[in-house]
Amino acid sequence: MARITAGVATSHVPAIGAALDNGKAGEPYWQPVFAGYEASKAWIAAEKPDVIILVYNDHASAFSLELIPTFAIGCAEAFAPADEGWGPRPVPVVQGHPELAWHLAEQLILDEFDMTIVNRMDVDHGLTVPLSLMFGQPAEWPCPVIPLAVNVVQYPPPTGNRCFNLGKAIRRAVESYPEDLKVVVFGTGGMSHQLQGPRAGLINREFDNAFLDRLIDDPAAQAKVPHIDYVREAGSEGIELVMWLIMRGALDDKVRVAHRFYHVPASNTAVGHLILENG
Amino acid sequence: MTEKPYHDIPGTVLFDAEQSRRGFHLNQFCMSLMKPENRAAFKADERAYLDQWKMTEAQKQTVLDRDWNGMLALGGNIYFTSKIAATDGLSFRQIAAMMSGVSEDEYAQMMLQGGRSVEGNRSKKDPR
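Protein chains in written order, with our numbering: chain A, 1 to 279; chain B, 280 to 407.
Rather than coming from a laboratory, the hints here were simulated on the basis of the structure. Since the structure is predicted, the reported quantities are computational estimates derived from the model, not experimental observations. One or more of the hints may lead you astray.
[To be verified] Per the computed footprint, the stretches of chain B lying under chain A, defined by three or more beta-carbons under 8 angstroms from a beta-carbon of chain A, are:
#1 281–295
#2 303–317
#3 330–340
#4 361–368
#5 383–395
[To be verified] 20 angstroms max Cα-Cα, derived EDC-like pairs, lysine to aspartate or glutamate:
#6 B/333 - A/253
#7 B/314 - A/66
#8 A/168 - A/253
#9 B/404 - A/229
Here a beta-carbon is modelled for each residue, glycine too, at the ideal position from N, C-alpha and C.
Take these sequences, add in the hints, and give me the full structure.
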C-alpha cells in the first residue's frame, strides 16, 4: 500500500523564487535563507518520495473571485507555472499523478471532505517556491506532485481543526491506495507576515516559534487556535499557517524532527521550515 | 456594517464577505491585468480601460491615484491590487512601504531589523 513517510513545512515567499531565478541566491541578503535549506535538499535526495502532496494556496493566479474553492485537488496530468504578471517562473512544468489524485478525491469525498476537483490549473509561487527550495533548479522535478489548493485569500479560510482533520483523512486515503508508493506531504505558506495596509511588515518571532513547537508536539491543541489569533498575532497573511496543519494531520501523533529552520526576513515575511518524519 | 472581532486590529482590512462584495469589480479589473494585452490597454489609457468595468467612481479614482490603502478600504484585495503594482513595475516591498507611509529604505531597514513589532499593534485599544 501507499504510505506517508514524512512531512515538510515551508514558507513560500515569491521573492525567494525570484532570487533563485535571477541568480541572486548567493547574495548576502539571500544566502542565510538558502543555507537553511541545504540540509533539506540532502534529506529529500535520500528520502526519494514517489509522490508529493503539496498543500498551498493560490494567490489570485488560477482562481479569481469568480470561483473560490475552499479545498481543491489537482487531478490533471500536468500543471504549468502561472504567469503572475512578470511571465511564468522559469521552472519545470509540474507533473501530476492523476491516478492517486483521483483516488484521493474519491476517498476524501466519501470521508465527508467535499473536495473541488481541478482538471486544469496553472500553479503559482505558492506551489513552485517550495519545490525550488527543496530541489534547487533541476531540469525536471524529480517526482510527480499533487497540488492541494486551500483558500486563504477570501476570509474565512477553513479552520485549523478542519485542516488538521483533512490531513488525517488524506492519510487514510493514501493508505487505502494499493500501489506501494512513498508519499511526502508538504504544508506551505506563512510564517508571520502582513502584506497590506499600514500594519504591513508585521513579524512575530515569538508566535512563530511557539507555533513550530506546538505543531511538532501538540498539533491537536494548535488546531483549536481561532483565526483571530493568527490575524492579530501573525498578520493578515499569517493565517496561511493553517495549511501546515493539513500536513501535520497526515503524520503520526509523535514525529521525529529531522530539520528545523527559522529566519527573518525574506522580503516581507518570516521564513519557517520543518521536516518531520513518521516513526 | 456588522461589527466583527477583527475590526479592532489596527492598519488591517480583512478581505471578508462584506469587502469581497464591495470589491468584486475592482478585483476582477485587477485580475484582467494578468494578460499582457490588457496591461498594454490599461497603460495606454487608464481612464478608458477603467470605464469598461462596473466599478464605482471612487474605486476608479483610487486606482488612478495609486492610493493603495484606499483600494483596500473600497474592497480591493492585496493579491489583486498588487497586479496593478506589477503592471507599474513596482515590487511588493515598494507598495508595502507606501501603504505603511514610509520610504522604501525605511521599510527595508525595518524588515532587516526583524519587522514591525506586534507590541502596540494588536488592537486599536493598545497604548501607542
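Inset, instruction - Would you mind confirming whether the straight-line C-alpha gap from residue 168 of chain A to residue 253 of chain A stays at or under 20 angstroms? - result: holds (10 angstroms)
Inset, instruction - Examine the segment 383–395 of chain B: at least three residues should have C-beta closer than 8 angstroms to a C-beta of chain A. - result: holds (count 7)
Legend entry - Coverage of the segment 330–340 of chain B by chain A, judged on three or more residues with CB within 8 angstroms: violated (count 0)
Inset, instruction - Given the hint that residue 333 of chain B pairs with residue 253 of chain A, test it: the Cα-Cα distance must not exceed 20 angstroms. - result: violated (51 angstroms)
Inset, instruction - Tell me if chain A covers the segment 281–295 of chain B under the three-residue, 8 angstroms CB rule, please? - result: That given contact holds, which follows from 10 residues of the segment 281–295 of chain B lying within Cβ reach (below 8 angstroms) of chain A.
Legend entry - 20 angstroms Cα cutoff - pair residue 314 of chain B, residue 66 of chain A: Status holds; Cα separation ~17 angstroms.
Legend entry - Hint consistency between residue 404 of chain B and residue 229 of chain A [alpha-carbon to alpha-carbon, up to 20 angstroms]: Distance of about 16 angstroms is within 20 angstroms: holds.
Inset, instruction - Quick one: see if chain A covers the segment 303–317 of chain B, three-plus residues with Cβ-Cβ under 8 angstroms. - result: holds (count 7)
Inset, instruction - Tell me if chain A covers the segment 361–368 of chain B under the three-residue, 8 angstroms CB rule, please? - result: Held - the segment 361–368 of chain B has 4 residues with a Cβ nearer than 8 angstroms to chain A, which meets the minimum of three.
Comparing the model with each numbered hint stated earlier shows that hints 3, 6 do not hold.
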